[in-house]
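Work out the full structure, taking the sequences as your base and the hints as a guide.
Residue numbers (my numbering), protein chains in the order written: chain A, 1 to 478; chain B, 479 to 740; chain C, 741 to 989.
Certain hints may be false.
As the list claims (entries may be wrong) - Within a straight-line C-alpha distance of at most 20 angstroms, the following computed SDA-like cross-link-like pairs (lysine to any residue) qualify: (1) B:LYS671 <-> A:GLU48; (2) A:LYS375 <-> B:GLY635; (3) B:LYS671 <-> A:GLN14; (4) B:LYS671 <-> A:VAL194; (5) B:LYS671 <-> A:LYS375; (6) C:LYS759 <-> C:ALA743; (7) A:LYS375 <-> A:GLU48.
To be verified - Listing some non-contacts, in silico: residues in chain A with all C-beta distances to chain C over 12 angstroms: (8) SER72; (9) LEU98; (10) ALA153; (11) GLY222; (12) LYS299; (13) ARG380; (14) SER401; (15) ILE408; (16) ARG421; (17) ARG434; (18) GLU464.
It is worth saying that the hints were derived from the structure and are not from the lab. Where is the CB? At the ideal position from N, CA and C, for every residue including glycine.
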Amino acid sequence: MKPLTINFRSKAAQTIGDEQVQNSLEHVYTGFYRGRLNAAADTHNWEELRTKGKAIKDHTIAHLDHYLEMFSEKVEENGGNVFFADNADEARQYITELATDRDIETVIKSKSMVSEEMALAENMNESGFETIETDLGEYIIQLAGETPYHLIAPAVHKSRKDVAELLDKDFADGDRVPDATELTMLARKQLRDVFARADMSVTGVNFAVAESGSIVLVTNEGNGRMSTSVPRVHVAVMGMEKIIPSIQDLSTMLRILIRSATGQRISTYVTMVNGPKTPDEEEGPEEFHVVIMNNGRHKLLKDPFLRESLNCIRCGACLNACPVYRKVGGHAYGWVYPGPIGAIVTPVITGLKDANNLPAASSLCGACHEACPVKINIPRMLLELRHKTAEGSSDPNERTSKFAERAIWKAWRTGMMGRGRFDWGARLAYLLMRPFSINGWIKKAPPPISGWTLSRDFPLIAGESLKSRLNRRRKKDI
Amino acid sequence: MSETSNNNLGTRSVTLFATCMVDQISPSVGESTVEVLEHLGLDVKFLDEQTCCGQPAFNSGFRSESEPVAQRFLELFEKVDGPIIVPSGSCAAMVRNFYADLFRHDKGLVERARTLSERLYEFTEFIHRFFGSDAITGICDDRVTYHKCCHLLREVGIDEQPIEMLSNIEGLKMVQMNRSDVCCGFGGAFSVKMPDISSAILDEKLDNIEATKANRVVAGDIGCIFQIQGGLRRRGSTTRVLHLAEILSESIRNAKTGKVTE
Amino acid sequence: MTAKVRFINQVTKALGRTKIIRPKENYATAIFEDRNLASSKAAQALEDAKAMTTTLIDQMVESADEAGWKVHRTDNFEESAELIVSICETHRAKFVLRSAHSVLTDIPLDSALSASGTVLEITEHSSKGSNQQIEKSKSAAFNADVGITGVDYAIAETGTVVLHPRAGVSRLLSLAPPTHIAVLRPGDVLASLDELFAIQRGDFLNGKLQGSMNLISGPSKTADIEGTTVTGIHGPLEVHLIIVENDQY
Chain A
1 MKPLTINFRS
11 KAAQTIGDEQ
21 VQNSLEHVYT
31 GFYRGRLNAA
41 ADTHNWEELR
51 TKGKAIKDHT
61 IAHLDHYLEM
71 FSEKVEENGG
81 NVFFADNADE
91 ARQYITELAT
101 DRDIETVIKS
111 KSMVSEEMAL
121 AENMNESGFE
131 TIETDLGEYI
141 IQLAGETPYH
151 LIAPAVHKSR
161 KDVAELLDKD
171 FADGDRVPDA
181 TELTMLARKQ
191 LRDVFARADM
201 SVTGVNFAVA
211 ESGSIVLVTN
221 EGNGRMSTSV
231 PRVHVAVMGM
241 EKIIPSIQDL
251 STMLRILIRS
261 ATGQRISTYV
271 TMVNGPKTPD
281 EEEGPEEFHV
291 VIMNNGRHKL
301 LKDPFLRESL
311 NCIRCGACLN
321 ACPVYRKVGG
331 HAYGWVYPGP
341 IGAIVTPVIT
351 GLKDANNLPA
361 ASSLCGACHE
371 ACPVKINIPR
381 MLLELRHKTA
391 EGSSDPNERT
401 SKFAERAIWK
411 AWRTGMMGRG
421 RFDWGARLAY
431 LLMRPFSING
441 WIKKAPPPIS
451 GWTLSRDFPL
461 IAGESLKSRL
471 NRRRKKDI
Chain B
479 MSETSNNNLG
489 TRSVTLFATC
499 MVDQISPSVG
509 ESTVEVLEHL
519 GLDVKFLDEQ
529 TCCGQPAFNS
539 GFRSESEPVA
549 QRFLELFEKV
559 DGPIIVPSGS
569 CAAMVRNFYA
579 DLFRHDKGLV
589 ERARTLSERL
599 YEFTEFIHRF
609 FGSDAITGIC
619 DDRVTYHKCC
629 HLLREVGIDE
639 QPIEMLSNIE
649 GLKMVQMNRS
659 DVCCGFGGAF
669 SVKMPDISSA
679 ILDEKLDNIE
689 ATKANRVVAG
699 DIGCIFQIQG
709 GLRRRGSTTR
719 VLHLAEILSE
729 SIRNAKTGKV
739 TE
Chain C
741 MTAKVRFINQ
751 VTKALGRTKI
761 IRPKENYATA
771 IFEDRNLASS
781 KAAQALEDAK
791 AMTTTLIDQM
801 VESADEAGWK
811 VHRTDNFEES
821 AELIVSICET
831 HRAKFVLRSA
841 HSVLTDIPLD
851 SALSASGTVL
861 EITEHSSKGS
871 NQQIEKSKSA
881 AFNADVGITG
891 VDYAIAETGT
901 VVLHPRAGVS
911 RLLSLAPPTH
921 IAVLRPGDVL
931 ASLDELFAIQ
941 RGDFLNGKLQ
951 GSMNLISGPS
961 KTADIEGTTV
971 TGIHGPLEVH
981 LIIVENDQY
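Below you can see the structure in the form of structure tokens.
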């Protein structure tokens, strides 16, 4: 998928001004965010589970090469095929060639963010394979020709009316808007036929178990199960970080993933696939392929201060917790991964230069860190990326700060390096600002703080510093 | 200095780190902090040379500008012994949690920052830990709602303690605001760099505040106070936003004079 | 150099190493627990399920209900059979499929369904063979009104029914028909996901891991339209859990 990170500011502004989308985004808080809080409160050892989940992921990522090798050997032992793709093009090409070679007509796709990196459905359709998204949210998004808005709720920004128009082309403006149940049943009907005739499926992977070569899929809808039951070829695509070492680790990882994602104790369906169908089964894929993709993830792995981002299990909890995401929405982030985790992963994978606004668009409130089931310290990594864009600390080409900005911070430093200058600077600012103030507040300020006064009054610098006031007070006491 | 201290602190002498914004924009918060600490029987020292902890530049990514300022802070406050009190969750977090990253190329500095951090406390945290949340009584007749500033809540770990402390103020009516733990949208330079996003977040906060019909909002960080107060003023609201130290010192004064003043 | 070697080399390099090193033992993951330990944990999990059946059943009933199962407790085989027939009748089921789980022959199901009159066809959904037969079994599953299965394990923590697809237990039987009825024997309820995966790991290390596994917790659902939860998007709209509390189990 072509990154459009450069449009962050304009996309964000557009979403902030869109009342309908703002209303839809409310659900992210009232539904998902609250759901996670309730689920956590309901789990007596929640913090222990998070700690364990983090430790499992830390360990795995620190030995990712070892576990990737183990996993791929096991998949092959189980009768599956593994394809290692350095990038999205290679992955897409492998899948398309496989479909051609196996005379595939209809491909059903389950939700997979990695497949979005490849823009797989779009490309497969262009290559002549009927490729249908089967997660309801993804299906809606595919009909709309858009990209997912959220990691687990791709169509969270769409209203019922939007959905009605997309599902039923005869739906007219004056008609009664069907309720969610009617719309879901309509989609069920449309997708049933597709399931019945599908000969290939592409799914994501929630966890890949190294020791047994298993993949685990988590869905509420059942499309993941359809994908592993009906078609004769099943292709599972995964980012290389999706590994966990042991089958037994699944109990911890599933618990924290599902509770953090939807607030459920478990999703309706958890499917563990240990290879193609067994010889005595009549249904199930005869072929099982796993595509493991890097696509720039090694850059995250290489940076010791960003590596932790590969612990991400894509639950979406950081998005739900993020006050910025809840205002700017998913499309502003300009690539596959939105929200706080996207603000780290996206710039590193697609290029920090165009994406420099992503790490900047944060109040560093830390709600994402608090929500993360594997305790990824997202604010800390946002600060790392800001350091790169401000000063080009890792690569001079990544520096996107403007000259004026750099000059301001230099001046700031000078001012802070001595108390005399500090006081002198403050008094100067006070004198300059005072004529424009009313009752100690300013309604319209010049750059660089003009942005502030668009919606807020700005406080006037004090006429006298605390130091001076306290000294006067002390003299009086004596 | 009205009361003898009844604490487990082991000293009567503390040092105030006012923070740059309190020092130059809102000195009344600093004075209130001193008054409350003195009310608890403490001697409060103020180092005249203090400026800033370095956080603004650090948060904007300009670490090379931040570092000398942070180092200056460290050297200055290393010169005094005893607890250092900061009326800001954000600046406390900078020293305690983020200096380790800022100084990471120099193990010696990281260690010095860690040592200093052991005796650096945010204002609420300090009182709660050494004096208890019922240490301060007073009188005020305000309808108050409390906003949980992000760094105070998530980096320092002060959650409901200020509400507990305020429950000892006679006449004060506490009203819970919806989503009190959601960010106000300040975020330092973010508020100026991305004003539309910052304001959209603030709008939600202001709606939640106005729904409480409180005439006072209490918060623990001066940046958030400016953001919320600036927004309320723009809406034409007369609701005032105070630092916890301000409402405490005012309530103590009210109790002493025996009357409630506005 | 193969794609795999090149790929893994790049990972090794990004980790700051020149070759793959074996990880040191780590408490967080179970991978360092050997076969003996894993086997004894698995055996313990199965023993606990038998020893604490009463408690686990009560817990299962509660969490299954929460997950959206319609839970029924029956005292004997006949009652179970009658209940299944009445569910089929309620749905005016014409075509019912069932799995080869032994619990479904313990209860007099086939005869009860035949006798009910509304049910036209009963198929034991297990036959291997040609492509044609595969297609036939697929379309049977998509056309069935009700799918009836036993339960390989249940999980009290989450209200989950666990099924291992195999000969006689098809993948689609519990998924494609609009109604799924799962029949549970009390001794098969495990306390939590920990016990389930302990058993799976024990099976794996002893070379007995099954081809796949489905955890089913309630009816198919989605909340993709305006956050409203709707059941029955792709899988069953209605799921029943029948617990046969017969003395023989």
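20 angstroms Cα cutoff - pair LYS375 (chain A), GLU48 (chain A): With a Cα-Cα distance of about 11 angstroms, the restraint between LYS375 (chain A) and GLU48 (chain A) holds, given a limit of 20 angstroms.
Minimum Cβ distance from ARG434 (chain A) to chain C greater than 12 angstroms, as the annotation requires: Check passes; 51 angstroms lies beyond 12 angstroms.
Cβ separation check - GLU464 (chain A) to all of chain C, threshold 12 angstroms: The claim stands: GLU464 (chain A) keeps its Cβ more than 12 angstroms from every Cβ of chain C (closest is about 53 angstroms).
20 angstroms Cα cutoff - pair LYS759 (chain C), ALA743 (chain C): holds (17 angstroms)
LYS671 (chain B) paired with GLN14 (chain A) [C-alpha distance capped at 20 angstroms]: holds (17 angstroms)
Interface-negative label, LYS299 (chain A) against chain C, beta-carbon threshold 12 angstroms: Non-interface label on LYS299 (chain A) violated, nearest chain C Cβ at 8 angstroms vs cutoff 12 angstroms.
Interface exclusion of LEU98 (chain A) relative to chain C, criterion Cβ beyond 12 angstroms: Holds, because the least Cβ-Cβ distance between LEU98 (chain A) and chain C comes to about 15 angstroms, which exceeds 12 angstroms.
Distal placement of SER401 (chain A) relative to chain C, Cβ over 12 angstroms: Since the minimum Cβ distance to chain C is about 27 angstroms, SER401 (chain A) lies beyond 12 angstroms and the statement holds.
Check on GLY222 (chain A) being off the interface with chain C, judged by Cβ distance over 12 angstroms: violated (3 angstroms)
Satisfaction of hint between VAL194 (chain A) and LYS671 (chain B), Cα-Cα up to 20 angstroms: violated (48 angstroms)
Assertion that ILE408 (chain A) lies outside the chain C interface [Cβ separation over 12 angstroms]: holds (36 angstroms)
Restraint check for LYS671 (chain B) with GLU48 (chain A), where alpha carbons must lie at most 20 angstroms apart: Distance of about 39 angstroms is beyond 20 angstroms: violated.
In this structure, the earlier hints numbered 1, 4, 5, 8, 10, 11 and 12 are contradicted, and the remaining ones agree with it.
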